[in-house]
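Visitor: Construct the complete structure from the given sequences, taking the supplied hints into account.
Residue numbers (the numbering used here): 34 to 506.
Read the hints as simulated data drawn from the structure, not as lab findings. Built from N, CA and C at the ideal position, the CB exists for glycine as well. Possibly wrong hints are sitting among the right ones.
[To be verified] DEER-style ranges, computed between Cβ atoms: (1) D262 / P211: 14 to 24 Å; (2) G92 / F477: 54 to 64 Å; (3) S91 / E206: 48 to 58 Å; (4) T457 / S315: 19 to 29 Å.
[Unchecked claim] Straight-line C-alpha distance at most 27 Å; calculated DSS-like pairs for lysine-lysine: (5) K299 / K279; (6) K299 / K187; (7) K233 / K187; (8) K233 / K165; (9) K187 / K165; (10) K342 / K447; (11) K299 / K107; (12) K166 / K107; (13) K279 / K165; (14) K208 / K165; (15) K165 / K248; (16) K208 / K187; (17) K316 / K355; (18) K355 / K495; (19) K355 / K279; (20) K233 / K279; (21) K233 / K218; (22) K316 / K279; (23) K45 / K187; (24) K45 / K299; (25) K218 / K187; (26) K279 / K107; (27) K279 / K208; (28) K221 / K233.
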Amino acid sequence: MALRFHNTLTGKTEEFVPLRSGEVHMYVCGVTVYDRSHIGHARALVAFDVIYRYLQFSGYEVTFVRNFTDVDDKIINRANERGISAEELTDTYIRDFNSDMQALRCLPPTHEPRATQHIPDMLTLIQELEAKKLAYAVDGDVYYAVDRFAAYGKLAHRRLEDMEAGARIEVDERKRHPMDFALWKSSKPGEPAWDSPWGKGRPGWHIECSAMSSKYLGQPFDIHGGGADLIFPHHENEIAQSEGAKGCALARYWLHNGMVTVEQEKMSKSLGNFLTIEAALSKVSTPEVLRQVLLSSHYRMALDFSTQKLAEAEKGLARIYKTLARADEAIGASNNGDRLAESAHINRFREAMDDDCNTPRALGMIFDGVREMNRALDGGQIPEVAVLRSEIAKMGGVLGLFQEPPAQFLEHQKQTGLAEASLTPEAIEALIDERAAARKEKDFQRADEIRAQLAEQGIVLKDSLTGTTWTVR
RNA sequence: GGCGGCGUACCCAAGUGGCUAAGGGAGAGGUCUGCAAAACCUCCAUUCACCGGUUCGAAUCCGGUCGCCGCCUCCA
Numbered sequence: 034m035a036l037r038f039h040n041t042l043t044g045k046t047e048e049f050v051p052l053r054s055g056e057v058h059m060y061v062c063g064v065t066v067y068d069r070s071h072i073g074h075a076r077a078l079v080a081f082d083v084i085y086r087y088l089q090f091s092g093y094e095v096t097f098v099r100n101f102t103d104v105d106d107k108i109i110n111r112a113n114e115r116g117i118s119a120e121e122l123t124d125t126y127i128r129d130f131n132s133d134m135q136a137l138r139c140l141p142p143t144h145e146p147r148a149t150q151h152i153p154d155m156l157t158l159i160q161e162l163e164a165k166k167l168a169y170a171v172d173g174d175v176y177y178a179v180d181r182f183a184a185y186g187k188l189a190h191r192r193l194e195d196m197e198a199g200a201r202i203e204v205d206e207r208k209r210h211p212m213d214f215a216l217w218k219s220s221k222p223g224e225p226a227w228d229s230p231w232g233k234g235r236p237g238w239h240i241e242c243s244a245m246s247s248k249y250l251g252q253p254f255d256i257h258g259g260g261a262d263l264i265f266p267h268h269e270n271e272i273a274q275s276e277g278a279k280g281c282a283l284a285r286y287w288l289h290n291g292m293v294t295v296e297q298e299k300m301s302k303s304l305g306n307f308l309t310i311e312a313a314l315s316k317v318s319t320p321e322v323l324r325q326v327l328l329s330s331h332y333r334m335a336l337d338f339s340t341q342k343l344a345e346a347e348k349g350l351a352r353i354y355k356t357l358a359r360a361d362e363a364i365g366a367s368n369n370g371d372r373l374a375e376s377a378h379i380n381r382f383r384e385a386m387d388d389d390c391n392t393p394r395a396l397g398m399i400f401d402g403v404r405e406m407n408r409a410l411d412g413g414q415i416p417e418v419a420v421l422r423s424e425i426a427k428m429g430g431v432l433g434l435f436q437e438p439p440a441q442f443l444e445h446q447k448q449t450g451l452a453e454a455s456l457t458p459e460a461i462e463a464l465i466d467e468r469a470a471a472r473k474e475k476d477f478q479r480a481d482e483i484r485a486q487l488a489e490q491g492i493v494l495k496d497s498l499t500g501t502t503w504t505v506r
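Guide: Next up, the structure:
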């Protein structure tokens with residue numbers, strides 16, 4: 034089966050055929066850097082990171098562009114509040130963003146352009162629109178004339194007339210049409226400003242994506258992605274700008290991820306229910322746990338975030354890593370199953386991923402593989418184990434999961450759990466020694482007392498031929 | 001008001017015309033163990049919000065009802 038994506042533009046799931054064979058050009062809307070990124074951003078970033086990885090896995094050469102919006106009202110206001118420059122503010126949050134991305138194992142895109150570094154490209158584009166009478170200037174501002182673009186509303190599947198009816202639109206007398214949007218805004222004193230044919234000012238929000246996407250990817254390009262909340266107006270306006278100016282399509286496949294909700298409500302600052310990536314990561318033993326949660330539901334569905342989901346993902350990941358650790362021990366460092374032909378697992382994984390990047394189904398395949406691997410381990414079938422181990426590594430590579438050495442993951446989880454318990458490893462070891470002595474004396478009553486005592490404090494003992502080891506919870 | 005989506009077991013979550021409704025978590029029993037843990041095995045939805053219809057056959061298509069969510073304003 035061929036790779037298929039759900040395309041917002043057509044409302045259908047379609048086979049993916051890139052413009053140029055073997056190459057994919059993809060643009061994803063990044064973040065506005067005026068604050069820490071939250072788990073809603075993480076959802077979008079991870080979703081498209083997996084799509085990026087899977088396209089590469091499928092043999093495509095991918096050019097992936099993701100922007101930083103580093104000029105906008107929120108940035109200016111926040112910088113003023115703090116008495117720092119907009120640039121200082123955005124530099125700080127770009128650094129934080131990068132560290133979040135690294136933690137979440139998101140691969141760096143091919144290009145990460147910043148809006149402020151592409152002002153001339155935007156000015157050129159606005160002038161093209163003005164020349165085509167798709168834009169008009171009023172007192173140093175420039176607006177896009179939506180009713181001059183016949184296809185306006187085609188992405189969001191709305192008609193201009195319908196939007197006016199119930200919409201909460203601020204009436205701006207200077208606009209020719211209530212839905213007209215700013216391409217260029219005149220600046221007040223003290224605000225970041227660039228020279229333009231219309232006087233000092235700064236770009237509107239949507240124009241940067243139109244300018245930067247075509248600059249790095251050409252037009253049309255293959256895939257344009259972002260959160261579902263960007264469909265209207267942001268992406269609709271990008272289409273109006275780019276297609277209006279160039280007379281050809283902007284992008285062919287429009288992909289949108291679903292929103293993250295908390296207790297059934299979308300995260301937002303006003304509701305006070307947003308959770309930063311940093312805060313979410315502080316609740317888990319390793320960042321992969323958050324990534325696992327994010328990939329446990331299909332990228333287009335709404336995802337209701339909860340600490341329960343984190344806990345379940347933590348257990349699921351631990352199950353996988355435990356098996357991988359067993360496998361690595363059984364196989365030994367030298368041996369590997371890479372040379373062996375791909376088996377049914379990889380093919381079923383591909384089928385799941387080909388189906389609009391169905392990561393929950395793909396994870397199901399992986400858990401199937403894990404069970405099979407444990408069975409092979411129990412049965413001492415090492416060659417089978419080696420093949421499965423290599424397959425799971427490959428599938429994990431596409432999802433950006435199971436990338437840690439298993440022993441390291443398990444140790445990490447142990448440490449995290451231990452931090453919540455009130456015991457030191459030394460104290461635990463001492464009790465284990467005492468228990469070992471008791472067991473040697475066949476004093477099982479005392480031995481069981483120690484087990485129970487530790488269990489009460491969340492420490493689980495595991496006896497084996499080589500001695501007793503412990504884990505948390 | 002317009003547009004879009006969702007409602008599947010105790011919880012999470014795939015499946016969108018036809019073999020036994022994936023997978024994970026929780027729970028129950030078993031194998032193993034001095035006892036445990038882990039792992040494995042078995043069980044855990046004759047049923048997919050509800051009501052009609054189409055069909056040889058529907059969770060899946062069509063119509064309607066109820067409930068929830070998102071967008072239409074800055075938003076990933």
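Visitor: Now look at each hint and say whether the structure bears it out.
Guide: Results for each hint:
Here the CB-CB span from D262 to P211 is close to 21 Å, well matched to the stated 14 to 24 Å. Here the CB-CB span from G92 to F477 is close to 60 Å, well matched to the stated 54 to 64 Å. The hinted range of 48 to 58 Å is satisfied by S91 and E206, whose Cβ atoms lie roughly 52 Å apart. The beta-carbon spacing between T457 and S315, approximately 22 Å, falls within the hinted interval of 19 to 29 Å.
A hinted pair counts as satisfied when its Cα atoms are at most 27 Å apart, and K299 with K279 does not qualify at roughly 36 Å. A C-alpha spacing of about 25 Å is found between K299 and K187, which places the hinted pair at or below 27 Å, so the restraint holds. Proximity of K233 to K187 is assessed by CA-CA distance (about 33 Å); at most 27 Å being required, the pair is judged violated. Using a Cα cut-off of 27 Å, the hinted pair K233 and K165 holds, with the two alpha carbons roughly 23 Å apart.
Among the hinted pairs, K187 with K165 is consistent with the structure: their alpha-carbon atoms are about 20 Å apart, no more than 27 Å. In summary, the hint linking K342 to K447 is supported, as the alpha carbons are separated by about 19 Å, within the 27 Å threshold. Taken as a hint, the K299 and K107 pair is honoured in the structure, with Cα atoms around 20 Å apart against an allowance of 27 Å. Among the hinted pairs, K166 with K107 is inconsistent with the structure: their alpha-carbon atoms are about 30 Å apart, more than 27 Å.
Between K279 and K165, the direct Cα distance comes to roughly 10 Å. Compliance with the 27 Å bound is thereby established for this hinted pair. For the given pair, K208 sits about 18 Å from K165 by alpha-carbon distance, which is consistent with the 27 Å threshold. Annotation: proposed proximity of K165 to K248 holds, straight-line Cα distance about 20 Å (limit 27 Å). Our distance criterion of 27 Å between C-alpha atoms is met by K208 and K187, whose separation comes to about 22 Å.
Distance hint between K316 and K355 is fulfilled; the C-alpha atoms sit about 21 Å from each other, no more than 27 Å. For the suggested pair K355 and K495, the alpha carbons sit about 14 Å apart, so the restraint of at most 27 Å is met. Only pairs whose Cα atoms come within 27 Å are accepted, and K355 paired with K279 is rejected, the gap being roughly 55 Å. A distance of roughly 26 Å separates the Cα atoms of K233 and K279; the hinted pair therefore holds under the 27 Å criterion.
Between K233 and K218 the alpha-carbon distance is near 9 Å, which keeps this suggested pair within the 27 Å criterion. Between K316 and K279 the CA atoms are separated by roughly 48 Å; this puts the pair beyond 27 Å, and the hint is violated. About 14 Å separates the Cα atoms of K45 and K187, which keeps this hinted pair within 27 Å; it holds. Proposed proximity of K45 and K299 is supported: the alpha carbons are some 25 Å apart, at most 27 Å.
With a CA separation close to 26 Å, the supplied pair K218 and K187 stays within the 27 Å bound. Our distance criterion of 27 Å between C-alpha atoms is broken by K279 and K107, whose separation comes to about 30 Å. The hinted pair formed by K279 and K208 meets the criterion: a straight-line CA distance of about 24 Å does not exceed 27 Å. A threshold of 27 Å between alpha carbons decides the hint, and for K221 with K233 the separation of about 9 Å falls inside it, so the pair holds.
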